[in-house]
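If you want the building blocks of each chain, they are given just below.
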Amino acid sequence: MNATTRVRKFPFWSLVWFILGVLYFALPLYATLDFSLRMERDVIGFKAYELAFADDEFLKTFGYSMLLAIATIIVSIIIIVPTAYWIRLRLPEARRIVEFITLLPFVIPAIILVFGLIRVYSSPVNIPFTEISLLQPLTNFKVGTNILIVAGYMVLGLPYMYRSVDTGMRTVDVRTLTEAAQSLGANWYTIIVRIILPNVRTALLSGALLTFAIVVGEVVLASFLGVPTFGPYLFLLGQHRAYEPAALTFTTFLLTWAAMGIIQLVTGGQGQTTGAH
Amino acid sequence: MTHLSLTNVSKHFGDFTAVRDFNLDVKKGEFVSFLGPSGCGKTTTLRMIAGFETPSTGSIAIESVDITNKAPNQRNVGMVFQAYALFPNMTVAQNIGFGLRVRKEKESDIKDRVAEMLAIINLEKKADSYPYQLSGGQMQRVALARALAIRPEVLLLDEPLSALDAKIRVALRAEIRAIQQKLGITAIYVTHDQEEALSLSDRIVVMREGEMDQVGTPFEIYNFPTTVFVANFVGTLNTANAEVVDPAKGLINMDGVQFASATDLKDRKKGDKVRVAIRPERFNFVSQEKKANIVDCTIENITFLGSIVRIQVKIGNTKFYMDTFNNPFLELPRIGAKDQVTCSREAVLVLND
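So the protein lines, in turn, are chains B and Y.
Quick note: the first sequence, position 192, residue 192 per this note's numbering, numbers continuous.
Counting the second sequence from 1 gives a position; this note's numbering is that position plus 1000.
No lab work stands behind these hints: they were computed from the structure.
Don't take each hint at face value.
What the hints assert, rightly or not - Residues from chain B that face chain Y, not an exhaustive set, calculated with beta carbons under 8 Å:
| no. | residue |
| --- | --- |
| 1 | VAL172 |
| 2 | GLN182 |
| 3 | SER183 |
Said to hold, decoys possible - Label-pair distances were calculated between CB atoms; the ranges are:
| no. | chain 1 | residue 1 | chain 2 | residue 2 | range |
| --- | --- | --- | --- | --- | --- |
| 4 | B | PHE100 | Y | ASP1015 | 38 to 46 Å |
| 5 | Y | THR1239 | B | GLU93 | 56 to 64 Å |
| 6 | B | PHE100 | Y | LYS1125 | 49 to 57 Å |
| 7 | Y | VAL1170 | B | ILE78 | 44 to 52 Å |
| 8 | Y | LYS1125 | B | TRP13 | 40 to 48 Å |
| 9 | B | ILE78 | Y | ASP1015 | 33 to 41 Å |
| 10 | B | PRO109 | Y | LYS1111 | 38 to 46 Å |
| 11 | Y | ASP1193 | B | PHE10 | 28 to 36 Å |
| 12 | B | ASN187 | Y | SER1056 | 34 to 42 Å |
| 13 | Y | MET1001 | B | ILE192 | 34 to 42 Å |
| 14 | B | ASN187 | Y | SER1162 | 26 to 34 Å |
| 15 | B | LEU91 | Y | ASP1021 | 53 to 61 Å |
| 16 | Y | SER1056 | B | LEU255 | 53 to 61 Å |
| 17 | Y | ASP1264 | B | ILE192 | 53 to 61 Å |
Every residue gets a Cβ at the ideal spot worked out from N, C-alpha and C, and that includes glycine.
Given the sequences, and given the hints that come with them, work out the whole structure.
Right under this line is the structure:
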């Protein structure tokens, strides 16, 4: 191989774009970290972290957000995986409509969503044309409000979760794998749990990661529904303090990745392999 | 005794008829191929046997039990797909044992059966490999073992060799046939490759536009095609228009050249227009041997095909191909030279439409 070939083969532009990408994501993170370590004048230290962690509200709100995020991810998987699977298998003509629906959260702001939820679910659910109430307003009790906020989060995470799952299903020949499993005697439950889910595990994980990040940082839904989550806490903290929010932002980032790492470990086993050839 | 039976099976997709009035009885242990071009309905018929499509009319039975409306997972029919369809998240052994685990068989029995199947396909050392670690041929052998592990009533193979290269295809088809005969399993094989169908099958169903054109042994299909379509689809064939001269003697006239045919022409009258077919390999030069038909020709073209030399000759105004074995010690005729070719009465086939 001569020098010219080596120069030609060197992926110069790929490297440039890669470095730009890394800088785009890493620089703000580094800036946040650097800022959070300079609470005391001329000293690099963890004072901001000590103060932030000393506040009970941090753990309470972050823990609450994590629970809501896990609930959102579970509900999303239960609803989205069978939907995406069925569309790939039997209803390919519905794909465009569903893709359009999954894009709606991008064009409908969260504020519209939360006011819609409050307007619809702050009234009791009656049997049509009667005054007989089936359910009291969901906004009136804690479980109801939690159901509402998880539903709202599910909508916000829908574009990411659906697209991840759909892309994952594209990499495996879902239809042929399903038929192969059927011919071997498998029922729908076995097919989804033992064939489809394991083969879209990586896609599910990335969808879950994005949903987790959205839920943990979300402010609008939680504020208007009055749910004490991490987003409004961080927002309020930012109104009064400078260094602690930076410390918590960086910590949240690390915790989110740690949570995903744990999910990866718990779900364990072989990573997603290549699809059917 | 009939093992698998398809009776008046049709399949419509809206206005389009994919399969029309399909009738077939398959004996236990028989290897039947569905042969035809793309869109002829062969895969749709196979999918109806598997249960992935429901017939619009007609019925399908295995051992006289109607399975027409049974779900695919209730039929005990094994299937091998063109795209292998191995489960990427499972090892070779897990793939082969999947059907048995679904049936909740004892773990020790599953282990024994998997070992038995691995031995049959000669992949014992690959038991713990994942599909992406295997070659195409190995993947298809695992797919075959997986389908056979459940001891299916019928084994369905949907163009299983199409994605493989030529050498592996030939080796694997011999392997498939050997395993099928060893296990005595009834097999239905879908292919558009005539060589595959001819080499593997006990019987071939040639399909055209959703209908069965001819059913017969490979020998019958190749040597005695009854329709123009079968004659053209299976093997290389010379076809020409001709006119019946003497139905009793089987004499026909092709562009002023008279041929004698062994085909029964009792139903034809003198002057009837017919379509005639002659396989290239049925022609010989008169210098080599003499048969019932001896006609003058001009050498038009010569193509070397390896073991065979294909010579184009002009008889009357019609061009025919003739095949001779490649013999490096025999001199080939010159292009433009006049010569004489010969063929037997049996070689001249008068076809139906």
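Outcome of the hint check:
Interface hint at VAL172 (chain B): satisfied, since its Cβ lies 6 Å from the closest Cβ of chain Y, which is below the 8 Å cut-off. Hint status for GLN182 (chain B): holds, given a least beta-carbon distance of 4 Å to chain Y, under 8 Å. A distance limit of 8 Å between C-beta atoms decides the matter here; for SER183 (chain B) the minimum to chain Y is near 4 Å, and the interface restraint holds. Our hint of 38 to 46 Å for PHE100 (chain B) and ASP1015 (chain Y) is violated, since their Cβ atoms are close to 30 Å apart.
Between THR1239 (chain Y) and GLU93 (chain B), the C-beta spacing of about 43 Å breaks the proposed range 56 to 64 Å. For the pair PHE100 (chain B) and LYS1125 (chain Y), the supplied restraint of 49 to 57 Å holds, since their beta-carbon distance comes to about 50 Å. A hinted range of 44 to 52 Å holds for the C-beta pair VAL1170 (chain Y) and ILE78 (chain B), which are about 49 Å apart. Separated by about 44 Å at the C-beta atoms, LYS1125 (chain Y) and TRP13 (chain B) satisfy the suggested range of 40 to 48 Å.
For the pair ILE78 (chain B) and ASP1015 (chain Y), the beta carbons lie near 39 Å from each other, so the given range of 33 to 41 Å is met. Taking the beta carbon of each, PRO109 (chain B) and LYS1111 (chain Y) are about 58 Å apart, not inside 38 to 46 Å as hinted. Taken as a hint, the range 28 to 36 Å is violated for the pair ASP1193 (chain Y) and PHE10 (chain B), whose Cβ atoms sit roughly 46 Å apart. Separated by about 26 Å at the C-beta atoms, ASN187 (chain B) and SER1056 (chain Y) break the suggested range of 34 to 42 Å.
Taking the beta carbon of each, MET1001 (chain Y) and ILE192 (chain B) are about 40 Å apart, inside 34 to 42 Å as hinted. The given range of 26 to 34 Å is respected by ASN187 (chain B) and SER1162 (chain Y), whose C-beta atoms sit roughly 30 Å from each other. With their beta carbons about 31 Å apart, LEU91 (chain B) and ASP1021 (chain Y) fall outside the hinted range of 53 to 61 Å. Under the hint 53 to 61 Å, the C-beta atoms of SER1056 (chain Y) and LEU255 (chain B), about 58 Å apart, fit the expected range.
The hint said 53 to 61 Å for the Cβ distance between ASP1264 (chain Y) and ILE192 (chain B), and at roughly 60 Å that hint holds.
When the structure is compared with the earlier hints, violations turn up for hints 4, 5, 10, 11, 12, 15 and for no others.
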